[in-house]
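Visitor: Which chain is which? The protein sequence lines are A and B, in order.
Just so you know, the first sequence maps onto residues 1 to 115 in the numbering used here.
Just so you know, the second sequence maps onto residues 1 to 113 in the numbering used here.
Bear in mind the hints are in silico, worked out from the structure with no lab data behind them.
Do not take every clue at face value.
[What the hints assert, rightly or not] Which bits of chain A does chain B cover? Going by a derived footprint, with three or more residues having C-beta under 8 Å, they are:
| no. | segment |
| --- | --- |
| 1 | 12-18 |
| 2 | 28-42 |
| 3 | 94-108 |
[Unchecked claim] With a Cα cut of at most 30 Å, we get these calculated DSSO-like pairs of lysine-lysine:
| no. | chain 1 | residue 1 | chain 2 | residue 2 |
| --- | --- | --- | --- | --- |
| 4 | A | K49 | A | K69 |
| 5 | B | K78 | B | K11 |
| 6 | A | K42 | B | K71 |
| 7 | B | K11 | A | K69 |
| 8 | A | K69 | B | K15 |
| 9 | B | K15 | B | K62 |
| 10 | B | K62 | B | K78 |
| 11 | A | K42 | B | K62 |
| 12 | B | K78 | A | K42 |
| 13 | A | K58 | A | K68 |
| 14 | B | K78 | B | K15 |
| 15 | B | K15 | A | K42 |
| 16 | A | K58 | A | K69 |
| 17 | B | K11 | B | K71 |
| 18 | B | K78 | B | K16 |
[Stated by the list, open to error] Sample of chain A residues with no beta-carbon within 10 Å of chain B, all distances over it, derived:
| no. | residue |
| --- | --- |
| 19 | N24 |
| 20 | N61 |
| 21 | F63 |
| 22 | E64 |
| 23 | T77 |
| 24 | V113 |
Cβ coordinates follow ideal geometry from the N, Cα and C atoms, glycine included.
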Amino acid sequence: AQSVTQLDSHVSVSEGTPVLLRCNYSSSYSPSLFWYVQHPNKGLQLLLKYTSAATLVKGINGFEAEFKKSETSFHLTKPSAHMSDAAEYFCVVIPRGGGSYIPTFGRGTSLIVHP
Amino acid sequence: EAGVVQSPRYKIIEKKQPVAFWCNPISGHNTLYWYLQNLGQGPELLIRYENEEAVDDSQLPKDRFSAERLKGVDSTLKIQPAELGDSAVYLCASSLQGGETQYFGPGTRLLVL
Numbered sequence: 001a002q003s004v005t006q007l008d009s010h011v012s013v014s015e016g017t018p019v020l021l022r023c024n025y026s027s028s029y030s031p032s033l034f035w036y037v038q039h040p041n042k043g044l045q046l047l048l049k050y051t052s053a054a055t056l057v058k059g060i061n062g063f064e065a066e067f068k069k070s071e072t073s074f075h076l077t078k079p080s081a082h083m084s085d086a087a088e089y090f091c092v093v094i095p096r097g098g099g100s101y102i103p104t105f106g107r108g109t110s111l112i113v114h115p
Numbered sequence: 001e002a003g004v005v006q007s008p009r010y011k012i013i014e015k016k017q018p019v020a021f022w023c024n025p026i027s028g029h030n031t032l033y034w035y036l037q038n039l040g041q042g043p044e045l046l047i048r049y050e051n052e053e054a055v056d057d058s059q060l061p062k063d064r065f066s067a068e069r070l071k072g073v074d075s076t077l078k079i080q081p082a083e084l085g086d087s088a089v090y091l092c093a094s095s096l097q098g099g100e101t102q103y104f105g106p107g108t109r110l111l112v113l
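Just chain B, with the same shape it has in the complex (with noise of 0.2 Å):
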């Protein structure tokens, strides 16, 4: 069975330019889960989709990043415009259903110069 898949692996931009983040959840995995992972510190929730709904977003800031998982199952997180401080590793994660055990993806790092 495959895993979670994310690409790129790495990003590279300049400060004030978008970038993209894709996530493909494992098969039939219903709850779908952005994180945003700082040096030295645990994930940090951004934002958690059952199905195609966002149900858990009030740690994304919403005045630059969004967040999309048209039809419910991949999964897109933006950001516009990108600023140093989010210079981090993006992870993705999945799950049957909410609370149950959490699959994550390898991750995307970000270094915004």
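Bound conformation, chain A alone (with noise of 0.2 Å):
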């Protein structure tokens, strides 16, 4: 069984500053992490993902996360908010073995950025 708890439903910044989104999680099985991204009315969008390489990964935008195994945290940051950044973030933990490929998302971190 998995499971992501993501430790804030929202976060409020202002334009130029940075952005912590925090994602724990458990997975029984070595684990596919993954960031989504909803703005409104928009279908979710790929921020990043982690499979097995670099702990340190980087996806579009700006935004980078980092896979700590001995935290099982995946806490998604940019060193600067932009106000198109204001969405919804989700993320999504795929246990990678026991054959069933079940994606968990987390409930969401709402970001909020002021001018």
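Join the two chains, each given in its own frame, into one complex according to the hints.
Guide: Printed below as a string of structure tokens:
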């Protein structure tokens, strides 16, 4: 079984300041981890993914995330927020093993960016 | 390359009526997913197909929900009869195979009155 906990339902930042969206996971098998973004009335878009290579993963639009196995975390960061980053962000875990690739989504973190 | 296509985008029905959603995945993607997304929540998997075989459907309420993926390409999700609590967004996604990156369609927003 696996689970995902997004520690903040809302994160509010000022434009130009750093962004940190936190995600903790549990998985019976080595996981693949993903971050998706959902803008209002738009489909989910992949930001980045971790499979089993480098633990620091770079994604689109300046986002990156670091896989920390010891902390079972996969936090999403960006050095400088832009107004267009305001959206809902989802952390996703898929176990790589056991023969069943059931994706589990977190509840989401709403990023609010103030001018 | 065309993305995942879903139709309709919006649907309003009265309770106890049937409703169907259609999804055409990205060409060549063997794995297809149907999700339910309630307001303010993350998507929840309803069913996953590998080609035409449903391999994960434990979350699908089988008394009223059904799905099919004939010929292993496009898929249909049906609700009969619909209940008020079924109001949500129904998302379809596809990937090359299980465990790989999923590509999502725009979703179908269902309102049951």
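Visitor: Check each numbered hint against the structure and report the violated ones by number, ascending.
Guide: Hint check: 1, 7, 8 fail, others pass.
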